[in-house]
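K.L.:
Sequence:
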Amino acid sequence: CPRPPSIANGLHSGHSSATFSRGLSVSYSCREGFQLLGNVSITCTDSGRWSRPLPRCEEVTCPRPPSIANGLHSGHSSATFSRGLSVSYSCREGFQLLGNVSITCTDSGRWSRPLPRCEGLG
Numbered sequence: 001c002p003r004p005p006s007i008a009n010g011l012h013s014g015h016s017s018a019t020f021s022r023g024l025s026v027s028y029s030c031r032e033g034f035q036l037l038g039n040v041s042i043t044c045t046d047s048g049r050w051s052r053p054l055p056r057c058e059e060v061t062c063p064r065p066p067s068i069a070n071g072l073h074s075g076h077s078s079a080t081f082s083r084g085l086s087v088s089y090s091c092r093e094g095f096q097l098l099g100n101v102s103i104t105c106t107d108s109g110r111w112s113r114p115l116p117r118c119e120g121l122g
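With UniProt numbering, letter number 91 in the sequence shown gets 91, and the count goes up by one each step, no holes.
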């Protein structure tokens, strides 16, 4: 087989090899901040071509930040919530914020916990 194909934002285990014989597999991994979608490895087939489909690396993102009762968050203007992004919470008038003011999109594509909450004053 020819050299294994490159994938955007990813690496494969075959960089140190000069030849790629039939039956040989190479594994892919993604750069930090990206997650692998698809099969981790491809194999050099009997026809001298690499098996398909190739995996791909997609940026780690989080879903929309969770809403909290009687509260608001700063994430409404963003369509994408990338790894490392933080959103802040505040409470409606007559309520006070308990807990962390902000949450962060983690490496796993989930928001950090626990969520803050808004409690009525008085």
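Take these hints with a grain of salt, some might be off.
Said to hold, decoys possible - What follows is a set of in silico ranges between Cβ atoms, one per label pair, in the way DEER data are often shown:
| no. | residue 1 | residue 2 | range |
| --- | --- | --- | --- |
| 1 | A69 | R49 | 55 to 61 Å |
| 2 | S67 | P5 | 15 to 21 Å |
| 3 | S41 | V101 | 39 to 45 Å |
| 4 | L85 | G38 | 55 to 61 Å |
Hints were generated in silico from the structure; no laboratory data involved. We treat Cβ as the ideally placed atom computed from N, Cα and C, and that holds for glycine.
K.L.:
State for each hint whether it applies.
P.N.:
Structure-based check of each hint:
1. A69 - R49: 55 to 61 Å: Distance hint for A69, R49 holds at roughly 56 Å.
2. S67 - P5: 15 to 21 Å: 43 Å, violated
3. S41 - V101: 39 to 45 Å: 43 Å, holds
4. L85 - G38: 55 to 61 Å: 25 Å, violated
Violated hints for the displayed structure, listed by number in ascending order: 2 and 4.
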